[in-house]
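A.B. asks: Protein chains in written order, with our numbering: chain A, -7 to 369; chain B, -13 to 292.
Treat the hints loosely; a few may be bogus.
Claimed, not checked - Listed next, with one range per pair, are the computed distances between beta-carbon atoms:
no., chain 1, residue 1, chain 2, residue 2, range
1, A, L267, B, T106, 31 to 39 Å
2, B, R53, A, I26, 20 to 28 Å
3, A, L204, B, S38, 48 to 56 Å
4, A, I283, B, S164, 58 to 66 Å
5, B, G93, A, A193, 23 to 31 Å
6, B, A292, A, D363, 34 to 42 Å
7, B, R278, A, R266, 35 to 43 Å
8, A, V8, B, P282, 27 to 35 Å
9, A, M137, B, L118, 47 to 55 Å
10, A, W324, B, G93, 50 to 58 Å
11, B, L118, A, V208, 39 to 47 Å
12, B, G13, A, V189, 42 to 50 Å
In case anyone wonders, no lab produced these hints; they're calculated from the structure. Glycine included, C-beta positions come from ideal geometry on N, C-alpha and C.
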Amino acid sequence: MNSVWLVTRRELLAQVRSKAFLIGTGIMLAMALICGALPGIIGGFDQGPDEPMKIAAPEPLVSELAKLKGFAVQSVGSASAAERAVRDGKVEAAVIQDADVPSGLAVIAKEDPPSGLVSALTVTPDVRLLDPPAVAQFVKQLAAMVFAVMFFVLIMMYGQTAAQNTVVEKQTRVVEILLAAVPARVLLAGKILSNAVLAFATVAGLIAAVSLGAWVSGSWAAVSAEASVFLPTAGGASPLAMVSGSLGWFLLFFVVAFVMFSSLMVGSAATVSRLEEIGSVLTPTMMLAMIPYFLVIMFNDSEVVLDWLSYIPFSSPTAMPLRIVTGEAAWWEPVIALVILAVTTVLAIVLAGKLFENSILRTGARIRFKDAFSTRV
Amino acid sequence: MLEVSNVSRAFGSLQALTDVSFEVRPGRLTGFVGGNGAGKTTAMRIIMGVLSADSGQVFYDGQPIGRQIDATFGYMPEERGLYPKMPVREQLIFFAQLHGLDQTKAGRNADRLLEQLGLTERAKDAVEKLSLGNQQRAQIAAALVHDPAALILDEPFSGLDPLAVDTVMTVMKEFAASGTPILFSSHQLDVVERITDDLIVIAGGQIKAAGATAALQSQHAGSRYRLGLPAGHSWEWVSQWDGITEARQVEDGAGSGETASGITVLFDATPDAAQAVLRQALTLGPVEVFERVIPPLSQVFREVVA
C-alpha cells in the first residue's frame, strides 16, 4: 500500500509540475469563475441602481415593499389589477399574496423572472411568468453541454497524460527499475489513483470556482430565481439544492468513470513503445468516451434515449446528472446506474491490469491486444 | 551467493536461454560477457524477476528468489531508465523509498552516492539536463541507493569516458568489498579484464565458460612463452631448440615486452621444451622475464565463443 502511495505521489507531482497542466488548469478555473460570475454581472447591468424597478402590489404589501431600496412601488386595488399592470407593461413585476403557495407570496412578471426583486424579499416567493419563454429546454441543453464537455475534456486531458507517462516510462526503460522494486499492479494502481485524485480535485475546483464567482458577483440569487422557474421543485427541495445535488452526483459518477477510462487508456498505452504510436491504441477507448458525449448532446430532448444513456456506464456520468437536474430521475435511479458503472469499472481495471502486466516490458513493435491477453511476460 | 540454476526461456520460436546455470559469489565482481543477443539481458531480467523463466530457478543464499528478495536487489537496465523530467536527488529518493527505505535513510544514501559519483552539484537538475555520462552515473546511483543485497548491472560502463569508468569501478569495488555479489555485463572486455574476479561467458543462450577470470585466462593460455633477456644477448639459438615450433623477437613495447631495453622473445613450445629453454638461457646469462603468455580476455572470449 505504501508503494502504491509512492507511485501515486510521484505521478501527481509529475503532472502538477508540468507547464501544460498548470496552464490548462489555470485557464479552466478562470473560465469557471467567469461563468459563475456572468449571470450576476449581466443582471447588474440590467437594472442599474439609479433606476428603481417599477413594481405593483395590492395594499397590505405596499408598506412592506416600500422599505426595500431600489423599487418604486405602486399601489393597486387587487391581485388581478396587479397582474393587469404587469401585462400592460406599466410595471415590471407585481407582488401578490397567495395562500396556495408555501411562502404565501407570489411574484408575477412577464418574460424574465425579476431576480433582483426575488432576492430582495425575505421569503422565497413563487414566481409566475405571464409570458414564459420556452427556455426550459435550453437550460437542459446547457446543462447537458456543461456536463458532457467537462467530462469529455477532463478524460481526454488526464487520461492522455497518464497514457503518455506510461509510454515514456516504457520508452526510457524506467519501468524495468520500477518493476524490479514493485509488482506491475502496484504501478497501475498508483497511476489510476493519482488520476482519480487529480480528476476529483479538478472537478471540485471547477465547481468551487463557479460557486465563488456566483457568490462574489451575486449570481447565486439570480440563478436560484431562474432555477425556481424552470426546474420543478420536487418534494419541496430548493432549486439550488437540486443543482448542487446533481453536481454532487456528477462528481461521484465522474470519479468512478474516470477511473474506468484512465485504466483502459493506461492499459492500452502499455502495448506501444513509442509516443508516436499512442494515438492509434487509444482510439477504441476514446470512442467509448466520445460517442456517448455526442449522443447526450444530441438526444437530450428525447426522454427514451436519455433514459437508456443514463444507465449505460459510458454515458451515465453525463446523462444521469442531467436527469437529476431536471428532476426526471427517481432517487434510486442514480444509485443503480452508479452500481452498473462501478461493476464495469472493476472489469475495466482487471482488463487493463492484464494488458499492462503483459505488455509493459515488451518493447519494439506495437503489441496486438489479442497477443497481450494470450501470452505472458 | 546468487545462483542461477538450469534456467531456460523462449520468446515464441526464439530460444533465448537454454539450461543456463552460474553463480555470483559474494564480495566478488562477476563479469557477464557475450555478443549481442547472447542472452545476457534476458538472464539479468530473469534474476530481477522482471521476466519469468520457462523452467529453472534463481536462488539467493539458498532460497528461491521471489518478489521479496528481488526488491532488495539493485538493478540497472541496459538502456538508460530514469524519469527525464524528474530531479536527480528526488528520483534517487523515490527509488530508495520504493524499495522500502524510509525518507531519512533514503535522503542520506542519495546524498552519499551523489557525492561519491561527483553529482552533488547536479542534484536538483532534471535528468534530461545532464550529460550522457552524468545520466549514466545517476543511473548507477539509482541501482545502489537502497543498499542492495546484490547488484545486477546491465552494461554499466557503456557511454562513460575513461575517468567516469574509473569512478564507477571504484564504487562497484567498494560494494563488492562489503560482501555484495555483483553481476555486470559489458562489451568492453578491457574494462572487464581490469576488474572482474569471476567471469561468465554466454553465447547463443548457453553458458560457454564460467569461473575465476585468471583461471580462465590461464586455461586458455596456449603454448606461448615470453623470454626477456638483457640487451645484447643472443637469442637466435631458441628457434633451433628441440620442441620449439616458432620463435621471434618482438620490438620493445610491442607485445607488452616488459624489459626496459632488453630483448623480448616469444616462442611456442611444449612445457618441457620451455623449461629446457629457460635452463639454457640461464647458463648463458641472466634472465629478466620468463612467463607463459596469458591471453587477453578478448582472445579467451573469441576462443570460448567460437
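A.B. asks: Take the hints in turn and mark each one as holding or not.
C.D. replies: Taking the hints in turn, this is what the structure says about them:
{"no.": "1", "hint": "A/L267 x B/T106: 31 to 39 Å", "in the structure": "33 Å, holds"}
{"no.": "2", "hint": "B/R53 x A/I26: 20 to 28 Å", "in the structure": "51 Å, violated"}
{"no.": "3", "hint": "A/L204 x B/S38: 48 to 56 Å", "in the structure": "54 Å, holds"}
{"no.": "4", "hint": "A/I283 x B/S164: 58 to 66 Å", "in the structure": "60 Å, holds"}
{"no.": "5", "hint": "B/G93 x A/A193: 23 to 31 Å", "in the structure": "28 Å, holds"}
{"no.": "6", "hint": "B/A292 x A/D363: 34 to 42 Å", "in the structure": "37 Å, holds"}
{"no.": "7", "hint": "B/R278 x A/R266: 35 to 43 Å", "in the structure": "53 Å, violated"}
{"no.": "8", "hint": "A/V8 x B/P282: 27 to 35 Å", "in the structure": "54 Å, violated"}
{"no.": "9", "hint": "A/M137 x B/L118: 47 to 55 Å", "in the structure": "50 Å, holds"}
{"no.": "10", "hint": "A/W324 x B/G93: 50 to 58 Å", "in the structure": "53 Å, holds"}
{"no.": "11", "hint": "B/L118 x A/V208: 39 to 47 Å", "in the structure": "53 Å, violated"}
{"no.": "12", "hint": "B/G13 x A/V189: 42 to 50 Å", "in the structure": "45 Å, holds"}
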